[in-house]
Amino acid sequence: MIRFLSRRLAYMALTLLLVSLVSFVIIQAAPGDYAEIFAAQKAATGAIITLADIEAMRIELGLDQPWYVQYGRWLAGALHGDFGYSWAWRRPVGEVIAERMPLTLTIAFATLIFMYAVSIPVGIYSAVRRYSFGDYAFSIAGYLGLAIPNFLLALVLLYISQQYFHQSVGGLFSPGYENAAWSWAKVQDLLAHLIVPVVVLGTSGTAFLTRAMRAAVLDELNKMYVLSARASGLSPMQLLLRYPVRMALNPIASTLGWRLTYVISGAPIVGYVLALPDTGPLFLNALLNQDMLLAGALIFIFCALTIIGTFVSDLLLVLLDPRIRLE
Amino acid sequence: MSALAEIPVLSVNQLSIAVDNDGTPVPITDDVSFTIGRGEVLALVGESGSGKSVTALALMQLLGAGLRIARGEIVFETHDGFRTDVVRLGAKGKAIEALRGARMGMIFQEPMSSFSPIHTIGAQIAEVVQVHEKVGRAAARARAAELLGKVGIPDPVGALDRYPTEFSGGMRQRAMIARALICKPSLLIADEPTTALDVTIQGQILQLLRSLKREFGMSILFITHDLGIVAQMADRVAIMYSGRIVESGPVRDIFRHPVHPYTRALLDAVPRLGDIDRGRRIQPIAGAMPNIFDAPSGCRFHPRCPVRDMPRCAEKLPPRAEVEKHFVECIHGERELAK
Ligand SMILES: Nc1ncnc2c1ncn2[C@@H]1O[C@H](COP(=O)(O)OP(=O)(O)OP(=O)(O)O)[C@@H](O)[C@H]1O
Ligand SMILES: [Mg+2]
Chain A
10 MIRFLSRRLA YMALTLLLVS LVSFVIIQAA PGDYAEIFAA QKAATGAIIT
60 LADIEAMRIE LGLDQPWYVQ YGRWLAGALH GDFGYSWAWR RPVGEVIAER
110 MPLTLTIAFA TLIFMYAVSI PVGIYSAVRR YSFGDYAFSI AGYLGLAIPN
160 FLLALVLLYI SQQYFHQSVG GLFSPGYENA AWSWAKVQDL LAHLIVPVVV
210 LGTSGTAFLT RAMRAAVLDE LNKMYVLSAR ASGLSPMQLL LRYPVRMALN
260 PIASTLGWRL TYVISGAPIV GYVLALPDTG PLFLNALLNQ DMLLAGALIF
310 IFCALTIIGT FVSDLLLVLL DPRIRLE
Chain B
26 MSALAEIPVL SVNQLSIAVD NDGTPVPITD DVSFTIGRGE VLALVGESGS
76 GKSVTALALM QLLGAGLRIA RGEIVFETHD GFRTDVVRLG AKGKAIEALR
126 GARMGMIFQE PMSSFSPIHT IGAQIAEVVQ VHEKVGRAAA RARAAELLGK
176 VGIPDPVGAL DRYPTEFSGG MRQRAMIARA LICKPSLLIA DEPTTALDVT
226 IQGQILQLLR SLKREFGMSI LFITHDLGIV AQMADRVAIM YSGRIVESGP
276 VRDIFRHPVH PYTRALLDAV PRLGDIDRGR RIQPIAGAMP NIFDAPSGCR
326 FHPRCPVRDM PRCAEKLPPR AEVEKHFVEC IHGERELAK
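Sequence order for the protein chains is A and B.
Quick note on the working numbering: the first sequence kicks off at 10 and runs consecutively.
Quick note on the working numbering: the second sequence kicks off at 26 and runs consecutively.
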């Protein structure tokens, strides 16, 4: 068990290192370096920049050093939250991201909770009441959920919530609550704002997980140990919750890592469509503007989050399944 | 024998189990009747697919989806005066759940898959006590450890916290027996409990079941297709063919004087010492058991029967003949039994 975890931790560190390298390569891949962009910007405002100035700046920023030195510096900075300077925002990258990350994380976690909270009970229900009206209804809803593209769902929900609920979408709070102290009303306001992005981001994942949960529970219900537990006098409910559901949770838990990836990588488009002030539009604009330090930092953070998610799902698996612990 | 001792623990009368085939019920077992006395071991023997497992499951109302009891009664009566018809209890609800695992226990062929792999042995045994009796967790665990000791598992207290994967097949079957017996049932149903085990382990498990039977004073329905096991374990034997019991009686009678041609064929298929010296080859039974969906008319064994009397055997079910608790269902039955 300790060996399993330490091995996983080592993998995680290694993957993080690789990801940081990839992020750095992406940053470097854009034409021109920071000094040139800076010079171009200055020149556009009418200032006179000489080649010598640019060279001096290069040396000052360390851009004349070999790539691995630059990479080392960037990585060391990144580990302290210093990702360099965004020329588009004219502010440190770390600051820009820190402003928007909480919203991204809130939406991501709310989406995960939504997906699991809906798919696990619905999946169990559909398995136990297979071929019932409810099972069919959920199946149809699930296929719709899988088929509708996120952006379309976003637009539809946007329309509905503006039109019928007079709810402003965008941001986490209505204007009045933004700076107000925490209160029940503020929490309600927060939840109301989360509904649309969470549903948009979570629907297809929920549909997928529901199918997976249904299949897993059905699989377990046919196993010999279920019959043997029934022969011991357990009632259907005791039995269901104690055995098949516990077993079915394993594949669900093991996919947590890439669920998180999905939520985070799906977020930019949804954030853009819904005009959320989260990291989604930030990332898209950074790419469009070739604001590479910002884009690279975001890629690195997104990847790091999913790697951590995978590690957490490994941990969950170990807790759920003794066979891994014993191995 | 006292009067009470003569009341069987279980008497199954004309039990028919049917499978639902697109709305029309097709019988899998037909008119199955047998009794099991107190402290008695009844062996149910028959070819694969003859309906042994289905019958065993029906006794606890555990038939799978699509199968149901079409007719008959299963009267279960224990020494403390509890009496019920399992068929009437139905497959759902508190009454049948209170019976399962407490008054009737069951063990299966596959000790490997009879436990959930992600729960400890101790939890899975102790829970049976907690389901049926008002006892705390600690007391239930203590009982589980006691039973694990009784079935011969070394370090029973330590075994409580082990997982099934840490046990060998034989050990798992022992644990399974502990689970089935922890509430001291009056009847144990054992569906080929040793088929998946190798021969030495098989012998140990049979030995264990015999001694536990004595200690607990229970009756056993022992399903097998191994006549050697029947000779070791059973007091009486019932031979099942294609969903019907074709012959039943005390083991000695049936082994010494088999009447039904199917029983004879089964006994002929057992290798005996000296066969090789005498140059005798084992005679396999020619033909195959009929599919339940096109069972032959009349006696179901007649297409394979070496002594059939056509067309009589194909026309209607042969009558049931009996001499001193030895029953047989064959047109030659009466004549042969009289010999
Ligand atoms: N759930 C089911 N649905 C349909 N048919 C079934 C079902 N379960 C069993 N059967 C059929 O009932 C018949 C008897 O099966 P059963 O499992 O009782 O045989 P068995 O005597 O226990 O054989 P074995 O020695 O292989 O265990 C078989 O023909 C089988 O195909
Ligand atoms: Mg069977």
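Simulated from the structure, these hints should not be mistaken for lab results.
Honestly, I wouldn't trust all of these hints.
Said to hold, decoys possible - Below 25 Å or equal to it, Euclidean Cα-Cα: the simulated BS3-like pairs (lysine-lysine) are:
#1 B:K175 <-> B:K159
#2 B:K117 <-> A:K232
#3 B:K209 <-> B:K238
#4 B:K159 <-> B:K209
#5 B:K175 <-> B:K119
#6 B:K119 <-> A:K232
As the list claims (entries may be wrong) - Residues on chain B that point at chain A, a partial pick, calculated with CB under 10 Å:
#7 V79
#8 L82
#9 I121
#10 G130
#11 H144
#12 V160
#13 F280
#14 I317
#15 F318
#16 H357
Just so it is clear, CB atoms sit at the ideal spot from N, CA and C, and this is done for glycine as well.
Structure-based check of each hint:
1. A C-alpha spacing of about 23 Å is found between B:K175 and B:K159, which places the hinted pair at or below 25 Å, so the restraint holds.
2. Of the pairs offered as hints, the one joining B:K117 and A:K232 holds, with about 19 Å between alpha carbons and a cut-off of 25 Å not exceeded.
3. For a cut-off of 25 Å, the pair hint linking B:K209 to B:K238 stands: about 10 Å separates their Cα positions.
4. Simply put, B:K159 and B:K209 have alpha-carbon atoms about 15 Å apart, close enough for the 25 Å limit, and the pair holds.
5. Between B:K175 and B:K119, the direct Cα distance comes to roughly 30 Å. Violation of the 25 Å bound is thereby established for this hinted pair.
6. Between B:K119 and A:K232 the alpha-carbon distance is near 23 Å, which keeps this suggested pair within the 25 Å criterion.
7. Hint on B:V79 is violated. Least Cβ distance to chain A is approximately 13 Å, over the 10 Å limit.
8. Satisfaction of the interface hint for B:L82 is found here, the shortest Cβ-Cβ separation to chain A being roughly 8 Å, below the 10 Å cut-off.
9. Residue-level restraint check for B:I121 holds (minimum Cβ-Cβ distance to chain A is 9 Å; threshold 10 Å).
10. For the restraint placing B:G130 at the interface with chain A, the shortest Cβ-Cβ distance is roughly 8 Å, inside the 10 Å limit, so the hint holds.
11. Hint status for B:H144: holds, given a least beta-carbon distance of 7 Å to chain A, under 10 Å.
12. The interface hint given for B:V160 is broken, as the beta carbon of that residue sits about 14 Å from the closest beta carbon of chain A, more than 10 Å.
13. Proximity of B:F280 to chain A is violated relative to the hint, the smallest CB-CB distance being about 31 Å (cut-off 10 Å).
14. The interface hint given for B:I317 is violated, since its Cβ lies 21 Å from the closest Cβ of chain A, which is over the 10 Å cut-off.
15. For B:F318, the interface hint is violated, since its Cβ never comes within 10 Å of a Cβ in chain A; the closest pair sits about 23 Å apart.
16. Hint status for B:H357 relative to chain A: violated, with the closest Cβ pair at about 40 Å, above 10 Å.
The structure shown violates the earlier hints numbered 5, 7, 12, 13, 14, 15, 16.
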